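Asker: The chain contents come next:
Number of protein chains: 2
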Amino acid sequence: MKVSDANVPVSPVGVAVLGLGNVGSEVVRILEASADDLAARIGAPLVLRGVGVRRVADDRGVPVELLTDDVDSLVSRSDVDIVVELMGPVEPARNAILSAIKHGKSVITANKALLSRSTGELAEAAETARVDMYFEASVAGAIPVIRPLTQSLAGDTVLRVAGIVNGTTNYILSEMDSTGADYASALADASALGYAEADPTADVEGYDAAAKAAILASIAFHTRVTADDVYREGITNITPEDAAAARALGCTIKLLAICERISSRGGQQRVSARVYPALVPLEHPLATVNGAFNAVVVEAEAAGRLMFYGQGAGGSPTASAVMGDLVMAARNRVQGGRGPRESKYAQLAIAPIGDVQTRYYVSMDVADKPGVLATVAAEFAAHEVSIAEVRQEGVTDEEGQPIGARIVVVTHRAAESALSETVAALAELDAVQQVASVLRLEGTDQ
Amino acid sequence: MKVSDANVPVSPVGVAVLGLGNVGSEVVRILEASADDLAARIGAPLVLRGVGVRRVADDRGVPVELLTDDVDSLVSRSDVDIVVELMGPVEPARNAILSAIKHGKSVITANKALLSRSTGELAEAAETARVDMYFEASVAGAIPVIRPLTQSLAGDTVLRVAGIVNGTTNYILSEMDSTGADYASALADASALGYAEADPTADVEGYDAAAKAAILASIAFHTRVTADDVYREGITNITPEDAAAARALGCTIKLLAICERISSRGGQQRVSARVYPALVPLEHPLATVNGAFNAVVVEAEAAGRLMFYGQGAGGSPTASAVMGDLVMAARNRVQGGRGPRESKYAQLAIAPIGDVQTRYYVSMDVADKPGVLATVAAEFAAHEVSIAEVRQEGVTDEEGQPIGARIVVVTHRAAESALSETVAALAELDAVQQVASVLRLEGTDQ
Chain A
27 MKVSDANVPV SPVGVAVLGL GNVGSEVVRI LEASADDLAA RIGAPLVLRG
77 VGVRRVADDR GVPVELLTDD VDSLVSRSDV DIVVELMGPV EPARNAILSA
127 IKHGKSVITA NKALLSRSTG ELAEAAETAR VDMYFEASVA GAIPVIRPLT
177 QSLAGDTVLR VAGIVNGTTN YILSEMDSTG ADYASALADA SALGYAEADP
227 TADVEGYDAA AKAAILASIA FHTRVTADDV YREGITNITP EDAAAARALG
277 CTIKLLAICE RISSRGGQQR VSARVYPALV PLEHPLATVN GAFNAVVVEA
327 EAAGRLMFYG QGAGGSPTAS AVMGDLVMAA RNRVQGGRGP RESKYAQLAI
377 APIGDVQTRY YVSMDVADKP GVLATVAAEF AAHEVSIAEV RQEGVTDEEG
427 QPIGARIVVV THRAAESALS ETVAALAELD AVQQVASVLR LEGTDQ
Chain B
27 MKVSDANVPV SPVGVAVLGL GNVGSEVVRI LEASADDLAA RIGAPLVLRG
77 VGVRRVADDR GVPVELLTDD VDSLVSRSDV DIVVELMGPV EPARNAILSA
127 IKHGKSVITA NKALLSRSTG ELAEAAETAR VDMYFEASVA GAIPVIRPLT
177 QSLAGDTVLR VAGIVNGTTN YILSEMDSTG ADYASALADA SALGYAEADP
227 TADVEGYDAA AKAAILASIA FHTRVTADDV YREGITNITP EDAAAARALG
277 CTIKLLAICE RISSRGGQQR VSARVYPALV PLEHPLATVN GAFNAVVVEA
327 EAAGRLMFYG QGAGGSPTAS AVMGDLVMAA RNRVQGGRGP RESKYAQLAI
377 APIGDVQTRY YVSMDVADKP GVLATVAAEF AAHEVSIAEV RQEGVTDEEG
427 QPIGARIVVV THRAAESALS ETVAALAELD AVQQVASVLR LEGTDQ
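Protein chains in written order, with the working numbering: chain A, 27 to 472; chain B, 27 to 472.
Keep in mind that the hints were calculated from the coordinates and are not lab data. Hints should not be assumed to be uniformly reliable.
Within a straight-line C-alpha distance of at most 16 Å, the following computed EDC-like cross-link-like pairs (lysine to aspartate or glutamate) qualify [as the list claims (entries may be wrong)]:
#1 K128/B <-> D95/B
#2 K370/A <-> D456/B
#3 K128/A <-> E153/A
#4 K395/A <-> E419/A
#5 K128/A <-> E147/A
#6 K395/B <-> E447/B
#7 K370/B <-> E150/A
#8 K370/B <-> E147/A
#9 K370/A <-> D62/A
#10 K395/A <-> D456/A
#11 K128/B <-> E91/B
#12 K370/A <-> E150/B
A few chain A positions that, by computed beta-carbon distances, are all more than 12 Å from chain B [as the list claims (entries may be wrong)]:
#13 D254
#14 A328
#15 A345
#16 R357
#17 R359
#18 G365
#19 A372
#20 I413
#21 S446
If you only want the chain B side, here are some residues facing chain A, beta carbon under 10 Å, derived [unchecked claim]:
#22 T344
#23 D351
#24 I413
#25 A414
In this text, all values refer to a predicted model and were calculated from it rather than measured experimentally. By construction, the Cβ of each residue, glycine as well, lies at the ideal position given by its N, Cα and C atoms.
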């Protein structure tokens with residue numbers, strides 16, 4: 027049985043693509059290669075009206091007559107129904123999207139930097155113009171995460187989202203873990219393989235993951251969270267000693283994006299969004315996500331723990347997510363409506379990092395003499411940070427002469443503020459030469 | 027910013043729930059406990075109008091005045107907008123759903139048995155009445171699978187869906203693998219723990235998984251596939267020897283639901299849907315899914331391999347999926363539309379099991395004498411089934427006297443028809459006492 031009759035002529039749905047990088051090229055390719063299938067699924071042909079590029083030339087793999095550097099005119103064409111923005115940075119993408127929306131076009135974007143700054147502005151504009159705005163490709167590439175959170179879990183209460191959402195840092199950390207390499211050489215390997223950009227700052231300092239954390243927190247908790255609300259630490263200070271210590275504790279180090287609902291004693295609900303490298307127990311599902319793969323674990327009140335896993339970047343996987351959004355927006359156009367939206371935002375307050383509770387790994391170089399461990403332990407106790415595990419090992423110089431000791435402490439759950447005060451006090455102790463490393467331990471219960 | 031103004035009074039969305047088992051009770055509980063959050067997300071209150079039950083009594087945990095055994099009247103009430111069908115078997119659920127649709131109600135159902143028989147009929151009725159019909163909870167409990175396949179991957183080409191979608195059999199097989207137990211005692215354990223029903227036939231013979239395979243194949247390949255189209259084998263013949271042999275080959279045995287797009291030489295596309303126990307390499311993501319958990323791996327042309335993991339059954343996880351559908355259907359009501367649908371079905375032909383290509387594990391008891399292995403190998407060659415690996419071991423009686431040998435053969439990819447002919451021919455050989463076991467090997471490349 028055919029739901030609609032293929033013999034009734036229908037107007038095509040016009041598409042403009044902005045940007046012709048890896049993802050844009052793949053979207054253009056799929057539009058052409060799967061035209062018949064897409065038309066059948068949508069109920070109308072999806073027709074590419076034009077591609078906005080900075081450089082119009084006949085070597086771009088797209089018929090030159092489809093190319094234009096006049097993005098403003100392209101997004102306002104009357105035969106364009108949907109604009110797919112894959113241009114990259116915040117501007118000119120923001121202007122192009124706002125202009126498209128004002129002209130009544132539905133918008134698909136993968137622009138996480140823009141979304142994590144301006145989701146309020148863009149959503150408001152789309153609401154006013156009564157058009158769809160979809161952005162599945164902005165987080166975790168091909169992995170469906172946005173739609174499950176906004177739709178499948180719309181009737182549940184999300185408690186926590188924790189994900190590996192940056193392939194570059196995951197590749198570097200996997201490499202450090204498996205080969206014992208230091209950060210600089212693991213980064214060099216990642217660059218040589220094309221997993222890291224010439225300027226890796228956005229990835230290794232956690233900005234990219236923070237943008238994605240802001241988007242995930244916004245939809246999981248029905249609250250507008252921007253990148254500025256996300257506490258962020260990168261992976262540049264992780265040492266081979268940290269990787270080895272993690273391994274000795276039955277853990278591996280991962281850069282995590284964590285979005286959490288925090289309930290205070292008074293019943294007040296707040297949201298914490300943060301990005302940092304953390305120790306993850308080897309038996310935790312996120313520990314096995316290696317190389318350039320991404321995974322997101324969602325914990326919801328009724329659903330329990332769910333995991334989504336797949337390729338988090340790359341032209342083809344990201345294009346898959348864009349195409350899913352495009353088909354949905356096109357179906358809405360053909361069937362005369364738009365996708366259902368969140369009615370009202372909860373707008374929970376953002377919890378400062380000091381209020382977050384988690385577990386910690388603290389490693390410090392100390393003088394190798396009696397009583398040091400007791401002094402260190404007393405400092406944790408004074409700040410009400412409970413110790414779960416402690417290891418002390420002698421440290422020798424190159425000739426094997428003892429020069430001090432290293433103490434590694436793993437705590438039970440404690441507030442970040444208490445931990446920071448503890449670390450500051452430890453650094454003041456005569457017996458402590460330096461606090462070498464402070465990392466969180468995530469994915470365990472206490 | 028609030029997208030809608032909370033001060034404008036809006037009509038509530040009326041809900042009728044049919045069935046008050048584990049899932050129904052949890053849905054009723056969430057409707058009450060999360061009423062404010064749900065209203066904010068939907069833009070209108072979600073109000074429970076009544077619950078259809080067989081037994082109206084005041085000990086059901088729901089105010090008795092909400093209970094009714096007159097399902098027909100309940101689903102036609104003018105203040106009911108959405109009907110949630112959680113009653114169970116095909117009838118009376120089918121009649122209740124068709125009646126609800128005819129009265130213009132949107133329908134949510136978790137009824138996989140019904141859907142895998144009547145999806146065409148139900149979808150047609152919903153299309154004619156222009157109402158939504160959602161069924162996320164019918165496959166893999168809380169795990170979002172239906173929506174990712176129908177929406178997120180709507181612009182991609184799905185090549186294969188392979189999943190562990192039945193918790194009972196997965197528990198039994200995990201138990202056999204880890205303890206060496208035989209099927210009967212693992213089943214007894216599962217029953218004692220409440221993982222298996224009094225009559226476990228639907229689970230252990232693969233009927234439940236086959237119904238889910240039909241639903242998955244239908245949406246993944248835009249083709250109506252019914253449970254009768256699904257080739258099915260259960261787990262009742264799996265022996266501890268099979269489990270041990272799988273382990274020796276670096277595999278574990280899982281009951282898989284597999285939906286595959288098969289491209290023939292002429293370019294014709296067909297669909298294969300099948301359920302059987304198969305050897306899965308230990309390093310495959312599905313091998314680590316143990317106990318009552320479910321997981322679905324989707325391979326799509328652009329997206330690559332995706333995995334979805336979580337709790338596949340239970341009142342609370344299943345209710346999460348139902349609530350997600352309910353919020354979406356309610357948003358559509360409030361915002362004046364319905365969800366976008368598939369426009370036209372591809373209606374690919376169903377490939378018979380004989381045309382499926384996969385790898386095989388064949389174990390047989392043979393006479394322990396020279397030349398048997400050569401004779402057996404020749405039979406595989408005669409049917410053009412290429413052998414990848416072969417093991418022969420002596421078998422002794424209780425006193426350690428040799429009584430024969432067991433040959434285990436693992437093949438490269440071959441057509442099921444060729445393999446069946448090979449097995450029939452092997453059984454005819456004088457040297458072969460019996461073909462003890464034939465299982466597929468899935469999740470490897472060749």
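Asker: None of the hints should be skipped; say for each whether it holds.
Answerer: Verification of the supplied hints:
1. K128/B <-> D95/B: violated, 20 Å
2. K370/A <-> D456/B: The hint is violated at about 76 Å.
3. K128/A <-> E153/A: holds, 11 Å
4. K395/A <-> E419/A: Measuring from Cα to Cα gives roughly 12 Å; hence the hint holds.
5. K128/A <-> E147/A: Holds - the C-alpha atoms of E147/A and K128/A are around 12 Å apart, at most 16 Å.
6. K395/B <-> E447/B: violated, 24 Å
7. K370/B <-> E150/A: Since the Cα atoms of K370/B and E150/A sit roughly 33 Å apart, the hinted pair is violated (cutoff 16 Å).
8. K370/B <-> E147/A: Violated, because 36 Å separates the two Cα atoms, which is more than 16 Å.
9. K370/A <-> D62/A: violated, 38 Å
10. K395/A <-> D456/A: holds, 12 Å
11. K128/B <-> E91/B: Roughly 26 Å separates the two Cα atoms, so the pair is violated.
12. K370/A <-> E150/B: Outside the cut-off at roughly 34 Å; violated.
13. D254: holds, 17 Å
14. A328: violated, 4 Å
15. A345: violated, 5 Å
16. R357: About 3 Å separates R357/A from the closest Cβ of chain B, which leaves it inside 12 Å; violated.
17. R359: Contrary to the label, R359/A does not stay out of reach of chain B, its closest Cβ about 9 Å off (not over 12 Å).
18. G365: violated, 7 Å
19. A372: Non-interface label on A372/A violated, nearest chain B Cβ at 6 Å vs cutoff 12 Å.
20. I413: Fine: 33 Å to the nearest Cβ keeps I413/A off the interface.
21. S446: holds, 34 Å
22. T344: holds, 9 Å
23. D351: Interface hint status for D351/B: holds (8 Å vs cutoff 10 Å).
24. I413: Violated. Min distance 33 Å.
25. A414: violated, 27 Å
Checked against the numbered hints given earlier, this structure breaks hints 1, 2, 6, 7, 8, 9, 11, 12, 14, 15, 16, 17, 18, 19, 24, 25; the rest are met.
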